[in-house]
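**Student:** So the protein lines, in turn, are chains W and E.
Quick note: the first sequence uses the working numbering, first residue 1, plus one each step.
Quick note: the second sequence uses the working numbering, first residue 218, plus one each step.
None of these hints come from the bench; they were simulated from the model.
The structure presented is a predicted model; accordingly, all values stated were derived computationally and were not measured.
Heads up, some of the hints might be wrong.
Below are the DSSO-like pairs computed for lysine-lysine, each with C-alpha atoms no more than 30 Å apart in a straight line [to be verified]:
no.: 1; chain 1: W; residue 1: LYS25; chain 2: W; residue 2: LYS142
no.: 2; chain 1: W; residue 1: LYS25; chain 2: W; residue 2: LYS3
no.: 3; chain 1: E; residue 1: LYS352; chain 2: W; residue 2: LYS77
no.: 4; chain 1: W; residue 1: LYS77; chain 2: E; residue 2: LYS288
no.: 5; chain 1: E; residue 1: LYS500; chain 2: W; residue 2: LYS131
no.: 6; chain 1: W; residue 1: LYS111; chain 2: W; residue 2: LYS131
no.: 7; chain 1: W; residue 1: LYS131; chain 2: W; residue 2: LYS25
no.: 8; chain 1: W; residue 1: LYS111; chain 2: W; residue 2: LYS121
no.: 9; chain 1: W; residue 1: LYS142; chain 2: W; residue 2: LYS3
no.: 10; chain 1: W; residue 1: LYS111; chain 2: W; residue 2: LYS77
no.: 11; chain 1: W; residue 1: LYS25; chain 2: E; residue 2: LYS288
no.: 12; chain 1: W; residue 1: LYS121; chain 2: W; residue 2: LYS25
no.: 13; chain 1: W; residue 1: LYS111; chain 2: W; residue 2: LYS3
no.: 14; chain 1: E; residue 1: LYS288; chain 2: E; residue 2: LYS352
no.: 15; chain 1: W; residue 1: LYS3; chain 2: W; residue 2: LYS121
no.: 16; chain 1: W; residue 1: LYS111; chain 2: E; residue 2: LYS288
no.: 17; chain 1: W; residue 1: LYS77; chain 2: W; residue 2: LYS25
no.: 18; chain 1: E; residue 1: LYS288; chain 2: W; residue 2: LYS131
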Amino acid sequence: MSKRYAMAIDLRRCVGCQTCTAACKSANATPPGVQWRRVLDLETGEFPDVRRTFMPVACMHCANPPCMHVCPTTATKQREDGLVTIDYDICIGCANCVMACPYDARSIERKPRYSYGTPMKSEEARFDEGKLGVATKCTFCKERIDEAERTGKVPGVDPEVTPACVNSCISGAMHFGDVNDETSHISQLLSDTEHFRMHEELGTDPSVFYIWDGGEA
Amino acid sequence: MKSERPILDRVPPRQQGDWDIRGALNFMLGGAGAGLLAAVACATPLGLDLPIMELLGLALVGAGLFCVWLKIGRPWRALHVFRRPSTSWMSREAWLAPVVFACGAAAILTQAALFFYVAGLLGLVYAYAQGRILKANIGIPAWRRWSCVVLIVATALAEGFGLLSIGAVLWPALTPFGYALAVAIALRYAAWRAYRADLRETGAPSGTLQVFDAFAFNFGLIGHGAALVLAVAGAYASQPLVAAAGGFLASLAGALFKYTLVCRAAFTQGFSLPRTPARGKGKSGVGAQPGWQAGRGS
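With the hints as extra help, turn the sequences into a complete structure.
**Tutor:** Pasting the structure below:
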């Protein structure tokens, strides 16, 4: 069976610090206003029983990705290991995938944007014109996953080949690995806990699991 | 006090901002043009001289596609749009367009009835493809339902017969098509009612329902009621101007509806929390779906 990389996020542990958001921006040099990963802040219940929940969201790397099906150019593809990718050299920026994604995970920047109007040296150095006018989103740090194939290291175990957000999580809420490998940490975690996936009813078969109970918090 | 309101933005559904008026124009112009091709095919047995109306239909379809081209982020790569007809309705629409143009051009040049019929049929398929483009975008709850596809096709037909009725000003022999326009308007109204019932039954973002609630009265009264009365009155009294006025209202209402559907009522799915996490010794609590109006059937 081929690999299927997935993420498990323990909502009991997430403290909403946005370190994963910052780590993602640092790793991928996304422009201001574009967040491939962000942490939602939800209040639920009625006074006095009000709860606050932090929920990190990004591309769910769905097994049945609507973005890929609607993409007229074949720019959006699905790899054998489950990662949903975008070829920036093929994408025409039609935004059909943006409309198809029920997770608000994709964005299209048409003009360069910098934090303070004019580019800082770091922004200048990392500016990529190829990402203008095309759809972009979380890649699960695919370059690191590819590195794992070359080096034999294990994503989710070895930090060098694990997505930046997972590495950065201060509370150990985020986990990554191959859910088709029964012995992997993430598979065991999911078998021990209660979890849900966002908008499962839409048939997208997302690869991000949210843990809400069970096992060891 | 209910406290489902999120602290940060983008938790509840938000109005999509990536398809602006240029994106909407593809559906407004392309749908009307496709409907006109179908309407012209219906008028063909009368032996009228209709190449100009056929040309207008093709021009509208072409103008819609041109508007899309203006919208896309990388216009000089536009030909990549042909690469995924296996699953993408946008790709299929792109493949269909040249066939529609070829058939329409053949109809105009040869004036053979067969080409008018085939172009009319392809016009209907083109309108259907536009409906499927919307339906495939499951991130927009207002679009992802079959009732939306039916409404898009019905709107194209009403616009097509509306434009044909406007043509009665130049070709009075088209005036009886006011009856056909009336039937198309009635069909669109039925599709519109079914679509809104579907939204309420299965649930939709509150913003979508509010936009349609605000739009419904004028759409129903002017776009359907007044248009239908004028169409029937014009056809019955053989008054081309009256029938044309009905056609104008029906076409305008169709265009405004599609603008509303694409640019104003298109709210995203938003996020939901089925259950709150069980922290410490506490228990899990009920979740929330901010900005969403649950359906009667859910």
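**Student:** Assess, step by step, whether the Cα of W:LYS111 is no farther than 30 Å from the Cα of W:LYS77, and give holds or violated.
**Tutor:** holds, 25 Å
**Student:** Given the hint that W:LYS111 pairs with W:LYS131, does the C-alpha gap stay at or below 30 Å?
**Tutor:** Cα-Cα ~10 Å, so holds.
**Student:** Run the distance test for E:LYS500 versus W:LYS131: straight-line Cα separation, threshold 30 Å.
**Tutor:** violated, 44 Å
**Student:** Hinted pair, alpha-carbon criterion (30 Å max): W:LYS111, W:LYS3. Please report holds or violated.
**Tutor:** violated, 37 Å
**Student:** W:LYS77 and E:LYS288: Cα distance at most 30 Å?
**Tutor:** Within the cut-off at roughly 23 Å; holds.
**Student:** So if I understand the rule, the pair passes when the alpha-carbon distance is 30 Å or less; does W:LYS3 with W:LYS121 pass?
**Tutor:** violated, 39 Å
**Student:** Hinted pair, alpha-carbon criterion (30 Å max): E:LYS352, W:LYS77. Please report holds or violated.
**Tutor:** Holds. E:LYS352 to W:LYS77 sits at ~21 Å (cutoff 30 Å).
**Student:** Taking only the CA atoms, is the gap from W:LYS111 to W:LYS121 under or equal to 30 Å?
**Tutor:** Given pair W:LYS111, W:LYS121 holds - Cα atoms ~18 Å apart, limit 30 Å.
**Student:** Straight-line Cα separation of E:LYS288 and W:LYS131 no greater than 30 Å?
**Tutor:** Roughly 17 Å separates the two Cα atoms, so the pair holds.
**Student:** For E:LYS288 and E:LYS352, compute the direct alpha-carbon distance and say whether it is at most 30 Å.
**Tutor:** Holds, at about 20 Å.
**Student:** Holds or violated: W:LYS121 with W:LYS25, Cα cutoff 30 Å?
**Tutor:** holds, 16 Å
**Student:** Need the status of pair W:LYS77, W:LYS25: alpha-carbon distance at most 30 Å?
**Tutor:** holds, 23 Å
Going through the hint list in order, the structure does not satisfy hints 5, 13 and 15.
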